[in-house]
Structure formats: C-alpha cells, structure tokens
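S.K.: The residues making up each chain are set out below.
There are 4 protein chains.
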Amino acid sequence: MKVGFVGLGGMGSAIARGLLEGRGHELAVYNRSRGPAEALRAAGAEVAGTVAAACGAGVVLTMLADDAAEEAVVFGEGGMLGALPPGGVHVSLSTIGTAMARRLAEAHTGAGQQYVAAPVFGRPDAAAARRLVVVAAGPAAAVERVRPLLEAIGRKLYVVGQDPAAAIAVKLCGNFLIVSVLEGLGEAFALLRRSGVLPEQFLEIVGGDLFQSPIYQNYGRMIAEQRYEPAGFKLRLGLKDVRLALAAADERDVPMPFASVLADSLRAAVANGMGDLDWSALGKAAAQRSGL
Amino acid sequence: MKVGFVGLGGMGSAIARGLLEGRGHELAVYNRSRGPAEALRAAGAEVAGTVAAACGAGVVLTMLADDAAEEAVVFGEGGMLGALPPGGVHVSLSTIGTAMARRLAEAHTGAGQQYVAAPVFGRPDAAAARRLVVVAAGPAAAVERVRPLLEAIGRKLYVVGQDPAAAIAVKLCGNFLIVSVLEGLGEAFALLRRSGVLPEQFLEIVGGDLFQSPIYQNYGRMIAEQRYEPAGFKLRLGLKDVRLALAAADERDVPMPFASVLADSLRAAVANGMGDLDWSALGKAAAQRSGL
Amino acid sequence: MKVGFVGLGGMGSAIARGLLEGRGHELAVYNRSRGPAEALRAAGAEVAGTVAAACGAGVVLTMLADDAAEEAVVFGEGGMLGALPPGGVHVSLSTIGTAMARRLAEAHTGAGQQYVAAPVFGRPDAAAARRLVVVAAGPAAAVERVRPLLEAIGRKLYVVGQDPAAAIAVKLCGNFLIVSVLEGLGEAFALLRRSGVLPEQFLEIVGGDLFQSPIYQNYGRMIAEQRYEPAGFKLRLGLKDVRLALAAADERDVPMPFASVLADSLRAAVANGMGDLDWSALGKAAAQRSGL
Amino acid sequence: MKVGFVGLGGMGSAIARGLLEGRGHELAVYNRSRGPAEALRAAGAEVAGTVAAACGAGVVLTMLADDAAEEAVVFGEGGMLGALPPGGVHVSLSTIGTAMARRLAEAHTGAGQQYVAAPVFGRPDAAAARRLVVVAAGPAAAVERVRPLLEAIGRKLYVVGQDPAAAIAVKLCGNFLIVSVLEGLGEAFALLRRSGVLPEQFLEIVGGDLFQSPIYQNYGRMIAEQRYEPAGFKLRLGLKDVRLALAAADERDVPMPFASVLADSLRAAVANGMGDLDWSALGKAAAQRSGL
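Chains as they are written, first to last, in the working numbering: chain A, 13 to 304; chain B, 13 to 304; chain C, 13 to 304; chain D, 13 to 304.
You may find that some hints are simply not true.
A pair holds if it fits inside one copy or across any two, identical chains being indistinguishable in the list.
[Unchecked claim] With a straight-line cut-off of 20 Å between C-alpha atoms, the simulated EDC-like cross-links for lysine to aspartate or glutamate are:
1. K246 with E38
2. K14 with E33
3. K252 with D262
4. K14 with E263
5. K296 with D78
6. K246 with D265
7. K168 with E216
8. K252 with E263
9. K14 with E237
10. K168 with D221
11. K246 with E263
12. K246 with D262
13. K14 with D262
14. K296 with D265
15. K168 with E212
16. K14 with E118
Keep in mind the hints are simulated off the structure, nothing from the lab.
Can you make the complete structure from the sequences, with help from the hints?
M.R.: Written as structure tokens, this is what we have:
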C-alpha cells in the first residue's frame with residue numbers, strides 16, 4: 013500500500029522502517045527536522061518535504077509526541093485537514109488524549125475524511141521487530157482499509173469499536189496499570205529494604221512465583237538494581253500518560269485514586285530532577301520519600 | 013516428623029491434611045471448636061484436647077486468623093509459652109503483624125524456645141494440593157529443623173533470613189501488590205465501561221498480551237463478570253492484611269500512598285456491606301463510586 | 013466610569029447592579045440570553061445587543077462560567093478581540109484556568125489591548141452588598157485605570173503583581189483551602205457520628221473555640237444538619253475549581269495530594285447525583301462512604 | 013481538692029502549676045524522673061515517690077505521652093489499678109487512642125474505680141494561663157466530682173457523654189482538622205511560590221479576609237517564613253495523633269482519605285529528618301516535594 017508517515021521519533025522511525033522492510037509498502041515520510049526522514053531513504057522511503065506532500069496517497073499515519081504536535085500537524089497551516097484528499101484516512105498511532113481524539117474525529121469527518129485511532133503498546137525495539145500490540149478504533153470501513161498496515165506493524169491487532177476515543181482509553185488504562193506496578197513495587201521495596209529484606213529476594217518470590225509476569229520481573233529488576241538509565245520510557249512521558257488518563261476519567265466523572273496518587277508521585281519526581289530517567293524511577297522516588 | 017498443629021480453619025485443615033497424607037508426618041491437631049479436629053482423625057491425626065496437648069512433640073505449627081488468636085494461643089492460660097518444652101519450635105504460618113512477630117520471637121526466646129515465622133501464599137485449594145509458596149524466617153537451626161515440614165506443605169520454600177518479621181513483611185508486601193492489582197483493575201474497568209469499552213476486551217489485551225499473568229487474568233475475569241461470590245479470600249481479610257502492611261510501614265516511617273488508598277477503599281467497601289465478598293469486589297466498589 | 017459588562021449570571025447580575033447603584037458608573041450590559049440584561053435596565057443600565065456593543069467604552073468586565081465561555085466571548089466571531097478599541101482593557105472577574113489567563117493576556121497584548129485578571133471571593137449576596145474580596149493582577153497602568161471599578165465591587169482589593177495568572181492562582185488556592193475544610197469536616201463528622209458524638213457538639217468546640225472561623229461554623233452547620241439545598245455554590249463548580257487548581261499545579265510540577273483527593277471525592281459525588289447540591293455535600297459523600 | 017498528678021512533661025507541669033497557684037487545690041505530684049516534681053515543690057506541691065503515693069487522695073490526673081506510658085502507669089507493677097482506692101477516679105488528660113480509652117474504662121470499672129477521659133486543646137503556654145479547652149467524657153457522677161478540677165485548668169469545659177472514647181475522638185478529630193490546615197497551606201504555598209505569588213500576600217487575603225482564623229494566620233505565618241523551630245508541637249507527635257485518628261476510623265470502618273494523606277506526608281517528613289520540627293514543617297515537606 014502507498015501511505016504517508018508523519019513523525020519520525022524513536023517509535024515512528026522504527027515503525028516506518030518495519031513497514032518498508034519486507035512488507036512491500038511504499039512510504040512518503042515526513043518529519044519536522046529532516047534528518048530522520050533522510051535516514052529512511054536508504055530503506056526505500058520517499059522523503060516528503062511537507063505534511064501535505066505526505067498526504068497525497070490518501071492514507072497517512074502519524075506517530076507524534078502529544079496533543080500539541082498532533083494539533084499542529086492536523087489543524088495547522090498546510091495541515092492534514094486541508095491536504096488529505098476526500099475519503100482519505102488519517103491513522104494516528106500517537107498516545108493522545110480522548111478529547112483530542114474526539115476533536116480529530118469530528119474535524120476529519122467534517123472535511124470528508126476519516127480518522128482511525130490506533131495507539132500501540134511496546135517500545136522502539138518491539139516496533140523495529142514488528143512486535144507491537146495495536147489497539148484500533150474508528151469507522152469500520154476505514155479500519156478495514158488500513159488493516160494490512162496495522163497488522164504489518166504489530167504482532168497483534170485489537171479492534172475495539174468505532175469510537176476512536178475508546179482505543180485511546182484502552183491504551184491509557186494499559187499504561188495506567190503498568191505505572192501502578194512501578195509505584196506498588198517502589199513502595200514495597202522501600203518497606204522491605206527498611207525491614208532488612210533484599211529486594212532481589214522479594215522479586216524472585218513475587219515476580220516469579222506470584223505474578224509470573226515479565227512486567228513485574230523486568231521492572232522489578234530495574235528498581236531492585238536502582239538502574240534507571242538509559243530510559244526505556246521517560247518518566248515525564250509516564251506523567252503525560254497518567255495526566256491523559258485522569259483527563260479521560262474527569263470527562264466521565266470516574267474517580268481514580270490510584271491514578272491521582274501516581275500523578276502526584278510523578279510530579280514530585282519530575283520536580284526533583286527525575287523526569288528524564290526511566291519511569292521505573294518511581295522506585296527511586298519511593299525510596300527517597302522513605303529516607304533511603 | 014511428629015508435630016502439633018493448632019488452628020484448623022479452611023487453610024489450616026487443608027495444610028494439616030496435606031502433611032498427613034502421603035508424607036509420613038504424625039500430627040496432634042487442636043482447634044478451638046472440636047469439629048475440624050475430629051474431621052482429621054480419619055486421615056490419621058491424633059486429636060489434642062488442648063493447646064498444651066498439641067505441644068508435646070516439641071514442634072508445633074499454628075495457622076490462625078489474626079494477632080488476637082495467635083496471642084491467645086501463645087500467651088493465654090495453658091498457652092504455648094508454658095506448654096512447649098525447652099528447645100521446642102513454634103512455626104507460625106499465620107499472617108500476623110510484624111510487631112506481633114517480634115513479640116512472639118522475644119517471648120519464645122525468653123522461654124528457651126524458638127520461633128519461626130512461615131507465612132504462606134496460596135488459597136485452600138493450593139494448600140490441599142501442597143502447592144503453597146512458603147516464606148520463612150527465624151533462627152537458622154530452627155528453620156533447618158522444620159524445613160522438611162515447610163517443604164512438605166508447599167511447592168517452593170524461601171528462607172529470607174533470621175528475623176521473623178522479615179518473612180511477615182514479604183507476605184504483607186506480596187498481598188499488598190495483589191490487592192493493588194484489584195484496585196487498579198477496578199479503576200480501569202470503571203473508566204472503560206464509562207467509555208464504551210467492554211472489560212472483557214480490555215482484559216484480553218492487558219491480561220494476556222501485556223502482563224501475561226494469571227493474577228491479572230483470573231481476578232480480571234472476576235471483576236469483568238462482576239462475580240464476587242463465593243469469596244476465595246474475603247475482602248475483610250484483605251483489609252486486615254493492608255492494615256498490617258501499613259502498621260509495618262508506620263514502624264519504619266515508610267510512606268505508602270497506594271496502601272493508604274487501599275485501606276480507605278477497603279474500609280468503604282466493608283462499611284457498605286461488601287466485607288464478605290471476595291476481595292476482588294474492590295472492582296464493585298470502584299464501579300459504584302463511578303455511579304455505575 | 014463608562015464600562016461594558018458581559019455575563020449576567022447570579023454573580024454577574026449582582027456585581028453589575030452594585031456598580032450601577034449609587035456609584036455613578038454607567039454600564040452597557042450584555043448577556044447571551046437577553047432577560048438578565050433587560051432586568052438591569054430599570055437600574056440604569058444600557059442594554060447591549062452584542063459583545064461588541066458592550067466593548068465601545070474601552071473598558072469591559074466579564075463574569076463568565078468557565079474557560080469555554082470566556083473563550084467564546086473573546087475569541088469567537090464578533091468577539092472582544094476585534095471589538096475592543098486599541099488601548100482598551102478587558103477585566104475578567106471569572107474564575108478561569110491559569111493557562112487560559114496566559115492565553116488571554118497574550119492575545120489582548122497582541123491586539124494592542126490589555127488584560128487584567130480580577131477573580132473575586134464571595135457569593136451573590138456579598139456581591140450585591142459590594143462586599144466581595146477582589147484579587148487583581150495585570151499591567152500596572154491597566155490595573156490603576158480600573159481600580160475605581162474594582163474598589164466599587166468589593167470591600168477589599170488586593171493587587172498581586174502584573175502576571176494575570178498569579179491572581180487566578182490565588183483564587184484557586186483560596187477555593188482549594190475552603191473545599192479542603194469541607195472534606196476535612198466531612199471525614200471528621202463521619203468518624204464522630206460512628207463514635208456516638210453529636211456533630212453539633214463537635215462543631216461548637218472546633219468551629220467556635222478552636223478555629224474561631226465563620227467558614228468552619230457556617231459550613232460545619234450545613235454538614236451537621238445535612239442541609240445541602242439550596243446550593244450556595246454548586247458542588248460541580250467546586251469540582252471545576254479543583255480541576256483548575258490541579259491543572260495549575262500540573263503546569264508547575266507541584267504535587268498536591270489533598271487536591272487530588274478532593275478531585276476524586278468530588279467526581280464520585282457528581283457521579284452519584286450530588287453535582288447540583290451545595291459543595292458542602294462532600295459531607296454527605298463522606299457519610300455514605302462510611303455506610304451512614 | 014486534694015489530688016494526685018502523674019506526668020510532668022511540658023504540658024503536665026504547666027497544668028499542675030496552674031492548679032496549685034491560686035486555686036486552692038493540693039497536689040501530690042509524681043514524675044518518672046524526679047526533677048520536674050521537685051520543681052513544683054516551691055509552688056506548694058507534695059512530691060510523691062511512686063505512682064501509688066500519688067493515688068492516695070482518691071482522685072488522680074495523668075498527662076502522659078502516649079498509650080504505652082499510660083499503660084505502664086495504670087497496668088504496670090505498683091500501678092494505679094492496684095493503688096487507687098475503690099471509688100477513686102482516674103482522669104486522663106493524655107491524648108491516647110480510643111481502644112486504650114476503652115481498655116482503661118473497662119479495667120478501672122473492674123477494679124471498682126472510675127475513669128474519665130479529659131483530653132485538652134492547647135499548648136503549654138495556654139496551660140500555664142489556665143486557658144485550655146477541655147473535652148471530657150466518663151460516668152456522669154465521676155465527671156461531676158472532678159468538674160472543679162477540669163474547670164480550673166481550662167477556660168472552657170465540654171462534656172460529650174459517658175463514653176470516654178468519645179472525648180478522645182473529639183480531640184483526635186480536632187487535631188486532624190488542624191494538621192489538615194497545615195498540609196493544605198503547604199500545598200497552596202508551594203503552588204503559589206511556583207506561580208510567583210508571595211506567600212505573605214496570600215496569607216493576608218486568606219488568613220485575614222477569608223478564614224478570619226488565628227489558626228490560619230499563625231501557622232500560615234510560620235510556613236510563609238519557613239520558621240519551624242522551636243517546635244510548639246513536634247511533627248512526630250502530629251504523626252502520633254493522626255495515627256490514632258486513623259486507628260479510631262479503622263475500628264469503625266470509616267474511610268478518611270485526608271487522614272491517610274496526612275499520615276504518609278508526616279511519615280515522609282519524619283523519615284527525612286523533620287520529626288523534631290514544629291508540625292507546620294509539613295509546609296517544608298510540601299515545598300521539597302515540589303523541588304523548592
């Protein structure tokens with residue numbers, strides 16, 4: 013399929029490369045700074061000079077940092093809203109807010125286009141290996157049209173309905189659960205260290221026997237070893253996602269006391285210089301809070 | 013080995029039966045109400061008429077509901093402190109508080125006896141199948157002496173040092189992490205239901221693909237299906253364990269904001285009639301809070 | 013002084029009437045629905061048919077419900093940005109967000125106009141009696157120009173600098189402290205009722221002797237008497253203000269665990285049908301949570 | 013009246029001195045370390061060498077640090093339970109737990125004695141000036157018998173029923189509300205400092221105009237000036253009282269999310285070396301959390 017691709021950060025570049033290599037898709041790639049686009053030329057990408065130029069094929073994927081970036085690319089001057097042909101599909105892989113997802117859906121519909129939200133679970137290395145988990149929602153016909161793309165970038169595709177905000181909610185809740193594990197482990201390790209138990213020992217019992225989950229094992233090891241660099245996923249991005257989860261909860265009058273605690277813990281961590289560490293540095297924050 | 017066994021509730025009975033069947037251990041069992049003791053006679057147990065009678069063999073296991081029950085059995089009239097011979101070992105499988113563990117250790121030591129804390133992870137069905145995970149701590153010699161027993165009741169034995177309170181801390185932190193999952197899932201499901209996503213769908217993604225953990229899958233299914241009876245582990249017992257975790261944290265000046273939220277959520281659930289439901293009914297509490 | 017006045021809800025009408033009566037100010041009043049504007053004609057107001065018509069005098073006050081209303085009036089078609097003459101001053105009495113305040117300041121400056129934030133403490137009856145407390149911030153010259161107006165509507169005027177967002181922050185923090193009292197009293201009363209103490213008795217001790225504060229006495233009485241209607245200030249507006257306080261905190265990476273608890277308590281109250289009660293109904297929410 | 017007085021810390025000494033001076037009461041005073049007792053001899057006190065010696069007059073007041081101290085004095089060897097004559101009255105001014113209050117009531121009743129809980133609001137300087145607020149509960153006849161004493165030590169006496177635990181609950185809830193103010197102010201000041209508003213300015217508006225309360229004004233000034241020494245009331249004692257409030261709430265299944273936040277904030281403050289500062293150092297903790 014011939015598609016545009018906008019947003020070539022770590023994740024975007026890895027996904028784009030995955031689509032190019034061995035999948036037969038043709039990509040016109042655009043990035044605000046030209047470097048990452050040029051880097052994909054060798055892999056077969058056509059470099060688009062503008063957002064509009066990436067929209068020509070009628071299907072365009074975005075992988076952008078946040079609401080503001082998505083807003084600029086879609087609503088800004090020379091943006092997708094004007095450039096995408098009627099009937100065109102915008103597939104956003106970005107983790108944005110549910111309110112923004114609804115706004116995008118409305119605007120694209122108003123412009124005779126279609127919007128599919130398809131946020132992904134996984135880090136750049138998973139993206140490069142086409143092992144992401146993709147959660148998509150949007151008009152049924154549009155989802156079907158882009159299904160080959162979504163199946164190409166991940167090992168698993170879930171379609172959760174026609175309301176794009178629903179796919180976003182799933183992604184935000186997934187990340188909320190992961191960061192809850194980080195806080196929980198952080199608190200437990202603080203108490204255990206204060207009680208003379210080695211975190212490694214606890215980890216073996218709990219990660220292995222009790223939860224039998226790679227998430228507990230991998231993050232548990234990072235916290236036990238106090239190894240928060242290099243960041244696989246920066247703590248300040250974790251705060252961004254918790255903020256979006258709370259905003260979604262606020263729209264629906266859903267109290268989320270755990271998410272509230274997480275927002276405060278993450279804010280304190282950022283305020284004390286941990287924003288660029290891995291988000292598992294919540295464990296470091298919990299330790300400091302306990303005087304460790 | 014010839015041992016006494018005090019406390020034949022659901023867990024205690026299952027463990028005692030496991031020790032009797034096919035392991036060659038001889039048990040003198042005692043329970044406050046005689047019924048459960050008699051029920052084990054057929055499996056080969058000798059029924060002890062008093063706590064003291066169960067202490068004769070010099071090694072006695074307890075599996076009791078809480079601090080108060082343990083206190084009565086050990087410090088009460090005719091209790092273990094006077095009845096256990098010098099050099100005798102008291103192995104407590106109960107989930108009690110760290111302060112009580114230290115008090116027991118001190119008192120037994122003062123009486124020329126030894127105390128081993130060996131709380132277990134698992135429910136009665138796991139106990140019956142000798143599939144518990146056992147976490148033990150106490151004087152090294154005492155632990156070695158009772159090791160065959162501890163290995164007999166579980167599929168895995170972890171020894172975490174010589175301070176009994178450390179084993180308790182591990183157990184309390186493990187339960188804290190599990191109940192954190194319940195609250196997290198409860199909050200996430202409330203938001204998702206309000207957002208038009210089916211909990212079952214989210215569960216498939218998160219329990220299966222993201223966490224790959226039976227704890228997420230099993231409890232997630234209970235919350236998704238709103239099936240909180242019969243209780244595998246009663247919510248009011250979950251509150252008891254969170255209370256003990258917070259007490260341990262309080263002794264060490266460790267802030268545990270997640271545990272604090274859990275205590276309040278559990279208290280509200282008990283106050284609103286959910287105390288005898290399964291502790292996964294935290295999901296029901298989260299739903300009600302959200303007006304669902 | 014000749015001024016425009018936009019937004020004639022309960023507060024706006026009372027303030028406008030206060031300015032008209034006995035202060036010699038001339039007002040051109042505008043409201044989306046015409047009724048409240050006509051009602052002021054007898055008091056001497058000129059009725060403006062559009063926002064633009066209210067902007068003619070070069071100084072215009074707004075008292076609007078939220079960010080969205082303020083955005084519509086300023087940035088919308090026929091809005092203040094185009095209608096206010098160069099050098100004109102927009103004084104917003106509304107409780108909006110700090111981000112919106114910054115956005116307004118920037119836009120007005122860009123249009124050669126000036127923006128003063130002047131949120132007020134007090135309810136309609138205080139407004140009618142010109143007893144509000146006004147907290148203002150904006151360019152010094154603009155504040156001086158509108159000082160007679162601000163002094164006319166309140167019993168006290170505080171100028172807290174040149175950054176409009178600072179005045180907003182003061183207002184949001186003040187409301188945060190008041191709603192913290194409501195939650196605190198709600199929790200205390202729940203415990204006391206469960207402990208057999210009459211709330212009235214506690215109130216006499218704490219409101220009178222300990223705090224000696226009308227806020228504790230008045231709200232305490234409402235909660236003790238479980239009298240949440242008619243609403244002096246609706247609970248859903250309290251949620252709005254806490255949400256704005258948290259948004260301000262989030263911009264600055266300031267953890268505010270009390271504000272987070274308040275947001276969750278208020279969301280739960282709204283989700284359970286208490287949104288239109290007085291915000292002191294946090295006391296009702298606390299009681300229900302405790303099974304009372 | 014002739015009475016015994018046990019416990020001569022800062023508060024106890026000041027109260028005892030108040031009773032001696034100009035009120036015509038005769039005191040037999042006891043303290044674990046003899047110094048403070050001797051210091052009262054000049055004021056007319058008789059120095060008792062033991063707890064028992066202080067019990068002779070049949071009415072004895074205690075002002076002790078915590079549950080453990082009260083337990084030792086009453087239940088310990090040579091303690092009040094054996095030494096107080098039948099019909100004697102123990103008036104405890106101490107801030108202890110509700111469970112301990114019930115235990116004392118039961119034990120004294122069992123020994124043919126009576127127990128009155130009479131915790132006080134106020135600091136040593138208020139005690140010296142006989143300006144405390146006293147909250148009493150106990151058997152009606154016993155309260156009447158000691159009323160002259162309670163009226164002598166305070167400016168106001170409230171009797172809240174016959175259940176001693178009720179008086180304790182009132183005291184704990186009062187302190188809970190005060191420490192809630194400290195946390196609230198701490199959070200607000202952190203946000204305001206980050207927003208460029210001077211705490212002093214906010215304080216003038218909020219302490220003076222909004223709350224009109226000496227508690228907001230006095231503590232607000234301490235936090236604004238970051239002046240946490242010397243401690244009027246040590247932060248670790250504030251933690252003790254919040255802990256007791258949460259224990260009382262736990263007995264009644266009352267969720268108290270604010271109290272939970274306070275316990276965690278106070279624990280973090282103690283863990284980070286602030287335990288001996290004034291409890292208003294919650295403001296310091298809030299500032300540090302925000303990177304200030």
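S.K.: If a hint holds in the structure, say so; if it does not, say that too.
M.R.: Consistency of the hints with the structure:
Taking the closest pair of Cα atoms, K246 and E38 never come within 20 Å of each other, the shortest separation being 31 Å inside a single copy and 56 Å across copies. Proximity of K14 to E33 under the C-alpha cut-off of 20 Å is restricted to the intra-copy arrangement: shortest distance 14 Å within a copy versus 68 Å between copies. For the identical chains of this complex, K252 and D262 are neighbours both inside a copy (15 Å) and across copies (10 Å), given an alpha-carbon limit of 20 Å. For the identical chains of this complex, K14 and E263 are neighbours neither inside a copy (37 Å) nor across copies (40 Å), given an alpha-carbon limit of 20 Å.
Taking the shortest Cα distances, K296 and D78 never come within 20 Å of each other, neither inside one copy (26 Å) nor across copies (33 Å). Only between protomers do K246 and D265 lie at most 20 Å apart by alpha-carbon distance; the minimum there is 15 Å, versus 29 Å within a single protomer. Taking the closest pair of Cα atoms, K168 and E216 come within 20 Å of each other only across two copies (11 Å); inside a single copy the shortest separation is 29 Å, beyond that limit. For the homomeric pair K252 and E263, the shortest alpha-carbon distances inside one copy (17 Å) and between copies (11 Å) are both at most 20 Å.
For a Cα distance limit of 20 Å, the shortest separation of K14 from E237 qualifies neither inside one copy, at 46 Å, nor across copies, at 43 Å. Taking identical chains as interchangeable, the C-alpha atoms of K168 and D221 lie at most 20 Å apart only when they sit on different chains, with a minimum of 9 Å there against 27 Å within one chain. For the identical chains of this complex, K246 and E263 are inter-copy neighbours only, at 18 Å across copies versus 26 Å inside a copy, given an alpha-carbon limit of 20 Å. When the C-alpha separation of K246 and D262 is checked against a cutoff of 20 Å, the pair qualifies only between copies, where the shortest distance is 17 Å, while the shortest distance within a copy is 24 Å.
With identical chains, the CA atoms of K14 and D262 are never at most 20 Å apart, being 39 Å at best within one copy and 41 Å at best between copies. Taking the closest pair of Cα atoms, K296 and D265 come within 20 Å of each other only across two copies (16 Å); inside a single copy the shortest separation is 32 Å, beyond that limit. Taking the shortest Cα distances, K168 and E212 sit within 20 Å of each other only across copies (16 Å), while inside one copy they are farther apart (33 Å). Taking the closest pair of Cα atoms, K14 and E118 never come within 20 Å of each other, the shortest separation being 25 Å inside a single copy and 42 Å across copies.
The structure is inconsistent with the numbered hints 1, 4, 5, 9, 13, 16, although it conforms to all the rest.
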